[in-house]
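Colleague: Same order as they appear, the protein sequences are chains G and V. Using our numbering, read the first sequence as starting at 1 and increasing by one per residue. Using our numbering, read the second sequence as starting at 1 and increasing by one per residue.
If you're looking for bench data, these hints aren't it; they were derived computationally from the structure. None of these values were measured; they are calculated from a predicted model. We put the beta carbon where it would ideally sit given N, CA and C, even for glycine. Some hints here could point you the wrong way.
To spell it out: a stretch of chain V is covered by chain G in this simulated footprint if at least three of its residues, at any positions, have a beta carbon under 8 Å from a beta carbon of chain G; those stretches are [what the hints assert, rightly or not]:
| hint | region |
| --- | --- |
| 1 | 153-163 |
| 2 | 228-240 |
Taking lysine-lysine and the DSS-like style, the derived pairs with C-alpha atoms no more than 25 Å apart in a straight line are [unchecked claim]:
| hint | chain 1 | residue 1 | chain 2 | residue 2 |
| --- | --- | --- | --- | --- |
| 3 | G | Lys-67 | V | Lys-188 |
| 4 | V | Lys-119 | G | Lys-115 |
| 5 | G | Lys-115 | V | Lys-241 |
| 6 | G | Lys-62 | V | Lys-201 |
| 7 | G | Lys-49 | V | Lys-52 |
| 8 | G | Lys-67 | V | Lys-201 |
| 9 | V | Lys-63 | G | Lys-62 |
| 10 | V | Lys-156 | G | Lys-35 |
| 11 | G | Lys-35 | V | Lys-119 |
| 12 | V | Lys-128 | V | Lys-241 |
| 13 | G | Lys-35 | V | Lys-201 |
| 14 | G | Lys-35 | G | Lys-78 |
| 15 | V | Lys-156 | G | Lys-62 |
| 16 | V | Lys-63 | V | Lys-52 |
Pulled a few chain V residues facing chain G out of the computed Cβ check, cut under 8 Å [unchecked claim]:
| hint | residue |
| --- | --- |
| 17 | Pro-61 |
| 18 | Val-64 |
| 19 | Tyr-169 |
| 20 | Arg-170 |
| 21 | Arg-171 |
| 22 | Gln-174 |
| 23 | Thr-175 |
| 24 | Asp-176 |
| 25 | Lys-188 |
| 26 | Arg-191 |
| 27 | Ile-196 |
| 28 | Thr-244 |
| 29 | Tyr-246 |
| 30 | Asp-260 |
| 31 | Val-262 |
| 32 | Phe-268 |
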Amino acid sequence: MKNFTLWTLSAAAGLLFAGCATYPDQATTRQMAEKMVFEAFSASPAHLKRLEQDRSQQICSKVGDAKLSQDEAAELVKLARESIKYPASGQIVGNWKTGDMLAHDGAGDRIRDGKTENRQENGALCQNCHALAPGEINVGNLGPALTGYGKQRGNSEAVAKYTYDKIYNAWVYFPCSNMPRLGATGHLTPEQIAHMVAYLIDPQSPINK
Amino acid sequence: MNKKRGICAATLATLCLALVTPVFAQSGDPLAVGRKMLVEDNPGELWIDQGKALFYEKRGPRKVSLEQCDFGMGPGKLEGAAARLPRYFADTDRVEDLETRLLTCMTRLQGFDRDQLIKTAISAPASKGSDIEALALYITSRSNGVRVNVSLSHQKEYDMYKAGEYLFYRRSGQTDFGCVQCHGEAGKRIRLQDLIHMTSKAGAQEVSSTWPAYRGSHYVVRTMQWRLNDCVWQMRLPDLKYATDYSIALTTFLNRQGNDAVIQVPGFKR
């Protein structure tokens, strides 16, 4: 035992001095990095909760080009399915005007000096990543253009349902995509998502003009 | 809110530049002067002299300069030092980035209070900037023209690098963001803001060689720590503390990926 310890110690020292340090294994890296996360932020316990990953986020945090296994993909879709909640009213198509306003609103729930942004409701963030109504210039391109969304797909019940589910939890159709699971993470309420659906599919909405 | 002060500061900076660069004034075409200044003159240059003065001044409760501070190449040796940061330091037994190392020296050598330094480390927009911002820029500027060369020969440097890589891909919070969601592809934008593609060599090199940078919309010099704070804020995470291993790990990862870029600071950012 003693010999073994000595040997490991000198081997470790040898590694260091020879300048051939080795990469830690994945579990060790994970442990070190997770510790860093929880030491790095000053926050109330409620705010610190935001650092904790749910199961889906854990699976979707693979380093580099590592691919999802089939089992993981299946689990993600199942978790996404189970997460989706509909408005109490049962109405999944709300008011496109409210949706229009929300789509262009990128604020909400950010934290500075321990205080959460003081607003009535969160913006929907869509404009940050998607082109919306024709001619709008200040739009991102992280996601595909949604211009003419309803014009192309119509506003059937099936389209409304797909769109609602997609916005509520984008990973139900595309596990680990870069689109946030805006309903499932609590960023948007079911009612807000219904307004987003209306904004995307209503023929009167500027996005379909 | 700070717009008015901001414009004043910018005008002042422009005036100062006009004073210290009489060469351009001779060209006769005022528009050409303006154009040339935009390309060649970075208001951030003004912070270099400020940082240099702070570096050599005897300061702090112990009334000493930073000349005894070892940034990795030996006490007071600044040439090329920033190009190798973050790196392992035996005296603290940890990997430190530029800002952490500055804190170490300002507290250990000069006797400043760490909490106090941290409180003022990131300055208000359109202010005259913080000591740490000016010092970080001055020290990095002494590596201008030098290639980034972050080594991972110490085990703790390897560990830091791997942790940084892990963190770059770590998703959390209500937007499901990790860094890679915004910095993992070429040609992407959040609204009109171009996002650097950091999983490409060229993108990582842009990061590793241009900070600290003059931030045009803030009229001050900004450091990497400020940049990380801003991204984390957009991610809806809580307040990131100054100079923690989280930032050092990400900076180690990014700078190492950006090895071989030629440092040219201050960078100029939107």
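Colleague: Which numbered hints turn out to be false for this structure?
Modeller: 7, 9, 13, 14, 17, 18, 27, 30, 31 and 32
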